[in-house]
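Whenever a hint applies, use it, and build me the whole structure from the sequences.
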Amino acid sequence: MTRRGRHSTLLRLLAALLLLVLFLFPIYWLFMIAFKTPEEIFSSPPAWYPAAIQFDNFRVLFKDGDAKTVFNSLFIAGSSTVLAMFFGTIAAYSLARFRTGGENLAVWIISQRMIPPIAIVFPLFLLYVFLGWVDTYHGLILLYTAFNLPYVIWMMRGYIEDVPLELEESALVDGYTRWGALLRVVFPMVRNGLFATAVFTFVFAWNDFIFALVMTRSEVTTYPVQVTHYFGAQSNFWAKIAAMSVLGAAPVFVAVAFMQRYLVRGISLGAVKG
Amino acid sequence: MTEPATIAPRDGGMAPGLGTDRHFKYLILLPAVFILLFIGIFPIVHTLVASVQNINMLEEDTSFHGLLHYRYLFQDARLWESIAHTLLITGIALPIELGLGLLMAFLFVEKLPGRPVFVALLVLPTLIAPVVAGATWRLLFDHRYGPINQVLGWIAGEPVPILWVINPAYVYPAIFIAEIWQWTPFMFLLLLAALSNVDRSLTEAAEIDGASPLTVFRRIILPAIWPVMAIALLIRGLDLIRIFDVIWALTQGGPGTMTETLSIYTYNQGFRQFETSYTGAIAFLVIVVLTVVVIWLLRRMEIHR
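From first to last, the protein sequence lines are chains A and B. Quick note, in the working numbering, the first sequence goes up one by one and the last residue is 274. Quick note, in the working numbering, the second sequence goes up one by one and the last residue is 305.
Think of the hints as simulated: they come from the structure by calculation, not from any bench. Just so it is clear, CB atoms sit at the ideal spot from N, CA and C, and this is done for glycine as well.
Some, not all, of what chain B presents toward chain A, calculated at C-beta under 7 Å:
1. 24
2. 190
3. 244
Below is the structure:
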């Protein structure tokens, strides 16, 4: 390597480190607040790290029952992910292999994903009031299932199209039924895509705020809504905001860390095949 | 575009005893379409019906009022202001996210020690719930216990008492900072993937031929990364048009209605003022306009291969 090359690598490394500090500092700060004592949180000038790591802020959330909102999120996002993945993948199979409805249907489906939620959530709220589905698990699960279906269909259509056709044809010749070929040949072939898409589907529901804000009252409140409850007119419950946010963010970090390879394809709606 | 592969049941069948096959492709599509229609079509029909009635907090007048509420749309200054706020946020945040993301992508496209770790960590802001990102920034911006004013104070050499999410002069910068912080990594990640796929022999050949870096970028790199750039802009652009969460956490549209976006205004009309019919009119307009725009863009960009 030339002298100039080594220098520029060093400069780029410095720039990269600077960017890392800038982008990670807010997350660092959030996590630090979660471990601070009240005195440390409300010290001015602010303390940049807690004197000791202590878990009181989290303990309070579990003791007061606020942590239930995290389990609500887990149950609702988890259930809707399973439903959206199953119905979405079999629908994607129909689109990928039979061209059902042609491009028009496919484009209509993905366009559904891009409508602002606020325009949909208002009439749906009126419907949910009528049906008595506000603040119920099944109401929110159905909503997230529908919200995520376009994404799942769109993504899984791409993954299924990557699978060679011959496998299914030979499975059908071997006496598999259509369902058998789909569930026992296609599903295993696209399992990586299934897994990656499921993680993103889960994260979308897990991180959603607006649907949950409108459709929950107290029973099935999800963690993002709970975070906003801690902002008060007079004072904010900093420790709770931070601890609840950490409970919500940490699982996503871990889940996505396991599937870096599919990250770009997953967030680009399949436009980039990693 | 290649001819789509298909294993549609051919006449004569591929295996014996698959007579029920004909309906299979519809059968597996049906549940998804049913759910999508329930959540997708119902709101459109309902908002359309409600929008020509006159339902609000005080009365439940379901008689036909024609285009009453649609006519009011054009006189509603607060609506147009909220649309202007939304377009302002989109028009400023989107190019900055694109520009910064592109610069970062160029920084990381060549070999760099520890690159995978850098990339994996830089993407974390994008994974946080937007409302949590907003909450985090509200804590960071706090004028007494937040580190932002503290750091600015070090630079200025005297205490900096900026009331970030309250002072009208600083609310937009605060929103831009939070928004750009969270979503620049998204642009970066997609553009990095696109840049990595650019044929190096082409750019090197052009450089040897004496082309300036700008020419290489415009003539070779930009056309190559454009498909990905376009989809990234589409996704982020539509996200910005519907922006709600981060502003809700930071300002709730305030002070006054200064940072009220289209989504926040619609929410206020529907869930705080209970102007059911009028909200229906807004929602219907938004659904129709954006569906048309989105489908037009998707078809134009041919991202559906």
